Structure formats: C-alpha cells, structure tokens
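*Asks:* Read top to bottom, the protein sequences are chains A and B. If you're matching positions, the first sequence starts at 10 in the working numbering and goes up one per residue. If you're matching positions, the second sequence starts at 37 in the working numbering and goes up one per residue.
Hints were generated in silico from the structure; no laboratory data involved. It cannot be assumed that every hint is accurate.
[As the list claims (entries may be wrong)] Chain B regions said to be covered by chain A (calculated; three or more residues, Cβ under 8 Å): (1) 76 to 89; (2) 134 to 142.
[To be verified] With a Cα cut of at most 27 Å, we get these calculated DSSO-like pairs of lysine-lysine: (3) A:105 with B:114; (4) A:88 with A:51; (5) B:60 with A:117; (6) B:104 with B:60; (7) B:104 with A:88; (8) A:88 with A:117; (9) A:54 with B:114; (10) A:117 with B:104; (11) B:60 with A:51; (12) B:114 with B:104; (13) A:105 with A:54; (14) A:117 with A:51; (15) A:54 with B:104; (16) A:54 with A:117; (17) B:60 with B:114; (18) B:114 with A:117; (19) A:54 with A:88; (20) B:114 with A:51; (21) A:105 with A:51.
As the structure is a computational prediction, the values presented were derived from the model and not from experiment. Every residue gets a Cβ at the ideal spot worked out from N, C-alpha and C, and that includes glycine.
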Amino acid sequence: RKEVEQDPGPFNVPEGATVAFNCTYSNSASQSFFWYRQDCRKEPKLLMSVYSSGNEDGRFTAQLNRASQYISLLIRDSKLSDSATYLCVRGEYGNKLVFGAGTILRVKS
Amino acid sequence: DAGVIQSPRHEVTEMGQEVTLRCKPISGHNSLFWYRQTMMRGLELLIYFNNNVPIDDSGMPEDRFSAKMPNASFSTLKIQPSEPRDSAVYFCASSPSGDNQPQHFGDGTRLSIL
C-alpha cells in the first residue's frame, strides 16, 4: 500500500463548480499534513497546511480525519487558474515529507 | 526574498558523462532536500540534510548518485556516470529546521541523458 494515496483524476469541472479531493495515508503517527499545488512543468508550491481539525483559506478548505486517516481539499467557485495537479503530503519524523502522486484538476469555461 | 535557486535549469548530455546539479537554499533554512520527479514514479525523495549533515540517503538510487552540502548555502547532486534512465526533473527544496515545517522548492533542473 502506498504511504499516501490519491485519486489521479483528472477531475474535469466547469468554472464556478465546487470540487473535492480526498487523500488517505498509512502512517497513523503522522503529525503534519499539507496540500501542494503543481502547475505543468513547474515546481510544487505550498497551497496550505493542515495541522489539526482543518484549515480554510479563501475558496480552499482542508479537513483532516485522523480516525479514518484521510484528508480532503475542497475548492469552491473554481477558477480556470485552479487547473493544476494537487499533491497530498504528510510529514514524517523531523521535517521529512512524503508526497502523494497527485490529483489532476482541469477547470473549463 | 530569494527562493531556492537551482542550476542549471536544463541539462542535456550523453550517457556516461558526469552531471552536477546545484542548489542554493533559502537563507536561514537549515534543512535541504533533493527530489527526483518522473511520470512513472512521481516525486521521490533522494536525500536530505539537516545543518549540512546528510540525515537520510535511503532514496539515492545507486552508487552513481552522490550529494554534498559543504556549507549552509550550497549543495550539489552528482551523477557519475549518467544513464538514460536518470532523465527526470530534479528538485531541490529547503525548510526551516523542526517538525511540521513545509518545504519550499526551487524551479528544478530538467535533465535529459541521451
């Protein structure tokens, strides 16, 4: 089983739609979680951190469910510029991060 | 503020040649990470350093790969000899020391071994 599992997608949604991604992880001892965004042929960039019960930043909401070992990312009012690959990430001992393979989002007009 | 700086941005070379990738972390960040990304395997951690000391190199694929961090502001990843299967995008990232710190990535080096 992969340490961090994500649906690869692609998720094809119209502008203005709400879309949600889930991610499951296998290490119950993980303390920190993040969502990164990666545009085509670019580097991963931190989108938001998820530390305890969840986090909200504008149109983006991340939730953590420790009992079921999954985190989610909700994007409201999707924009064309939201099209990217979204990487689910969990933290390990020290400051090592484990990345999922990513979920592709395509927002269409 | 300057982010993580990597060079070169692109490298094309013939198999058997030595390749050296360079990274300058964000000033003040004590941890530095080298990753490799391919379509087949995604983003893989190769090695990381804390305070210039290699902590975990279990991701380094084989002896042809080596990494050094001679000081807090510079690191290299070397492949010798290079092979076509080493073709990938290599990212360097840095973070402050301590648990639960996000990492900040450089632009990457796109490496093609012919």
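*Asks:* Tell me if the straight-line CA distance from residue 104 (chain B) to residue 88 (chain A) falls inside 27 Å.
*Replies:* 42 Å, violated
*Asks:* Is it true that the CA of residue 104 (chain B) sits at most 27 Å from the CA of residue 60 (chain B)?
*Replies:* Roughly 12 Å between the alpha carbons, so the hint for residue 104 (chain B) and residue 60 (chain B) holds.
*Asks:* Counting residues of the region 134 to 142 of chain B whose CB is closer than 8 Å to a CB in chain A, do you get three or more?
*Replies:* Check passed, 9 qualifying residues.
*Asks:* Sort out whether residue 114 (chain B) lies within 27 Å of residue 105 (chain A), counting only the CA atoms.
*Replies:* Holds: residue 105 (chain A) and residue 114 (chain B) sit about 21 Å apart, inside 27 Å.
*Asks:* Could you grab the alpha-carbon distance between residue 117 (chain A) and residue 104 (chain B) and see if it respects the 27 Å cut-off?
*Replies:* 45 Å, violated
*Asks:* Could you grab the alpha-carbon distance between residue 88 (chain A) and residue 51 (chain A) and see if it respects the 27 Å cut-off?
*Replies:* 19 Å, holds
*Asks:* Please check whether the region 76 to 89 of chain B has three or more residues whose CB lies within less than 8 Å of a CB on chain A.
*Replies:* Since three or more residues must qualify, the claim that chain A covers the region 76 to 89 of chain B holds, with 5 doing so at under 8 Å.
*Asks:* Do the alpha carbons of residue 54 (chain A) and residue 114 (chain B) lie within 27 Å of each other, as the hint requires?
*Replies:* 25 Å, holds
*Asks:* For a C-alpha distance cap of 27 Å, please report whether residue 114 (chain B) and residue 104 (chain B) respect it.
*Replies:* Roughly 9 Å between the alpha carbons, so the hint for residue 114 (chain B) and residue 104 (chain B) holds.
*Asks:* Measure nothing beyond the straight line between the CA atoms of residue 105 (chain A) and residue 54 (chain A); if it is 27 Å or shorter, mark the hint as holding.
*Replies:* This hinted pair holds, its Cα atoms lying about 16 Å apart.
*Asks:* Quick one, are residue 114 (chain B) and residue 51 (chain A) close enough, alpha carbons at most 27 Å?
*Replies:* 22 Å, holds
*Asks:* Residue 60 (chain B) and residue 117 (chain A) were given as a pair; does the straight-line alpha-carbon distance stay at or below 27 Å?
*Replies:* 38 Å, violated
Going through the hint list in order, the structure does not satisfy hints 5, 7, 10, 18.
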